[in-house]
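J.: Chains as they are written, first to last, in this note's numbering: chain A, 1 to 116; chain B, 1 to 116; chain C, 1 to 116.
Since the hints were derived computationally from the structure, they do not count as laboratory data.
Where a beta carbon is used, it is the ideal one built from N, C-alpha and C, also for glycine.
Please note that a few of the clues may not be correct.
Incomplete in silico selection of chain A near chain C, CB under 10 angstroms [as the list claims (entries may be wrong)]:
1) GLY10
2) PRO11
3) GLU15
4) GLY20
5) VAL113
If you want the footprint, here are the derived chain B segments under chain A, 3+ residues with CB under 8 angstroms [unchecked claim]:
6) 13–22
7) 25–35
8) 38–46
9) 71–80
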Amino acid sequence: MSDLRRIDPGPRLCEATVYGDRMYLSGMIPEDTAQDTTGQVKQALAEIDSLLAKGGSDKTKILSAVIWLGDIGDFAAMNKVWDAWVVPGQTPARATVQARLNDPAMKIEIMVVAAI
Amino acid sequence: MSDLRRIDPGPRLCEATVYGDRMYLSGMIPEDTAQDTTGQVKQALAEIDSLLAKGGSDKTKILSAVIWLGDIGDFAAMNKVWDAWVVPGQTPARATVQARLNDPAMKIEIMVVAAI
Amino acid sequence: MSDLRRIDPGPRLCEATVYGDRMYLSGMIPEDTAQDTTGQVKQALAEIDSLLAKGGSDKTKILSAVIWLGDIGDFAAMNKVWDAWVVPGQTPARATVQARLNDPAMKIEIMVVAAI
Numbered sequence: 001m002s003d004l005r006r007i008d009p010g011p012r013l014c015e016a017t018v019y020g021d022r023m024y025l026s027g028m029i030p031e032d033t034a035q036d037t038t039g040q041v042k043q044a045l046a047e048i049d050s051l052l053a054k055g056g057s058d059k060t061k062i063l064s065a066v067i068w069l070g071d072i073g074d075f076a077a078m079n080k081v082w083d084a085w086v087v088p089g090q091t092p093a094r095a096t097v098q099a100r101l102n103d104p105a106m107k108i109e110i111m112v113v114a115a116i
Numbered sequence: 001m002s003d004l005r006r007i008d009p010g011p012r013l014c015e016a017t018v019y020g021d022r023m024y025l026s027g028m029i030p031e032d033t034a035q036d037t038t039g040q041v042k043q044a045l046a047e048i049d050s051l052l053a054k055g056g057s058d059k060t061k062i063l064s065a066v067i068w069l070g071d072i073g074d075f076a077a078m079n080k081v082w083d084a085w086v087v088p089g090q091t092p093a094r095a096t097v098q099a100r101l102n103d104p105a106m107k108i109e110i111m112v113v114a115a116i
Numbered sequence: 001m002s003d004l005r006r007i008d009p010g011p012r013l014c015e016a017t018v019y020g021d022r023m024y025l026s027g028m029i030p031e032d033t034a035q036d037t038t039g040q041v042k043q044a045l046a047e048i049d050s051l052l053a054k055g056g057s058d059k060t061k062i063l064s065a066v067i068w069l070g071d072i073g074d075f076a077a078m079n080k081v082w083d084a085w086v087v088p089g090q091t092p093a094r095a096t097v098q099a100r101l102n103d104p105a106m107k108i109e110i111m112v113v114a115a116i
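One chain only, chain A, in its complex shape (with noise of 0.2 angstroms):
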C-alpha cells in the first residue's frame, strides 16, 4: 500500500488524510460564526486552500466536494462566493443539500476530495 499521511491529526479528526494520488479533507467550516455566509464561506474555502496546499494539490484539483448549507436558502449567496473562487474550465464536481450543522451560527461545511 502507499503511504498513509496525515495532515494536522488530532484526538478526534485529522484535516486530510493524503494517500497515494489523491487526498481527503474533513469538512471545512468557518472559524469565526460572527460573520454572514458571505464571510463564512470565503473562511471555509481558505481552509481549503490551506490544505490543499498542505497536501500538494490545489482547487483546480478538487474531485468532488459536498457542501451542506444550514439553511439552503443560502444557496444563492454561496454560491456567488463560490463562482468567484473557481477557476473557470476547472470546476469540480459537486453537490449541495442543507443540513443542521454542530454550531447554530455556523452557516457552511464544506467536504472535498482532491487529485494530488
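Once you've looked at the hints, dock chains B and C against the given chain A.
T.: Just chains B and C now, with coordinates in the frame of chain A:
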C-alpha cells in the same frame, strides 16, 4: 499524476471528474420536477447512466452512492425504482438520508463514485 | 482496471466495495435501535471494524468518514464513543451533520472510505 478530465465543465461545477481509474459525479437531480417520485428517481438514474458512459464506466462499476431524499417518506418508492435499475450481484455501497434540496419540488439527488 | 470486489452483495446494495487500494463502505447503522446513543454508536463502529477487516483494512486506515446524526444534539455523546474508538495519531478526515434517517429510532449512520 494521472490526467484529470472533466465532463461538461461549467462555470460553477462539472458534471463529473475522471481521474485515474475512478470517476466522481456531481449530485444528479431530475430535470422535470413536475414528475412524481418514481419519475424523478428514474430521471436521476438515467442521468447517472449517461454520465458513467461518458467516463467509460457503467452502473455495475459504481463504488459508492449517497442518496438524498427531500422526504425520507419516499424511501420505499425510491427503492422500487433503484432495485429495478441495479444489476443483481453488482450492487454498490450506498447510504440514504433525508436532506432539504435547493428546489423544494426536487425529490432526490444522488452522488456517486465509480470505477472505470 | 483493478478487480472490483463486493462484500455481502444484496439485491439493493452491498456492504462494501473493494477496488484497487481503497474500499468504500455503505452507511453503517445500528442493528438494535432500542439502545441509547452510546450503544448505537458502538454498534455502528463495530460494524465498520468488521467490514474493514473483511476488506483487508482497519480503523487506522480510514481516509474519510461522514457521520449523520438523527439529532445533532447527540454530537457530544457520539464523540465520546468515537474518541475512545479511534487510535491516537491515526485519526481520519471527518464531517458530521444532522440528517433524518429512514428509521426515526436510528440515531446514527456512518459512511467511510478506507485505504487497504
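J.: Each hint needs a verdict: does it hold in this structure or not?
T.: Going down the list of hints, with the structure as the test:
1. Taking 10 angstroms as the C-beta cut-off, the interface hint given for A/GLY10 holds, the closest approach to chain C being about 6 angstroms.
2. With its C-beta approaching chain C no nearer than about 6 angstroms, A/PRO11 sits inside the 10 angstroms limit, and its interface hint holds.
3. Interface hint status for A/GLU15: upheld, as the beta-carbon distance to the closest one in chain C is roughly 7 angstroms, under 10 angstroms.
4. With its C-beta approaching chain C no nearer than about 6 angstroms, A/GLY20 sits inside the 10 angstroms limit, and its interface hint holds.
5. This hint holds: A/VAL113 has a C-beta 7 angstroms from the nearest C-beta of chain C, less than the 10 angstroms allowed.
6. Counting residues of the segment 13–22 of chain B whose beta carbon lies closer than 8 angstroms to any beta carbon of chain A gives 7, which reaches the threshold of three, so the coverage claim holds.
7. Interface restraint, the segment 25–35 of chain B with chain A: holds (3 residues with C-beta to C-beta distance below 8 angstroms; minimum three).
8. Check result for the segment 38–46 of chain B against chain A: violated, 0 residues qualifying (beta carbon to beta carbon below 8 angstroms, three or more required).
9. Against chain A, the segment 71–80 of chain B contributes 0 residues with a C-beta closer than 8 angstroms to a partner C-beta. That does not satisfy the three-residue criterion, and the hint is violated.
Taken one by one, the earlier hints fail for this structure at numbers 8, 9, listed in ascending order.
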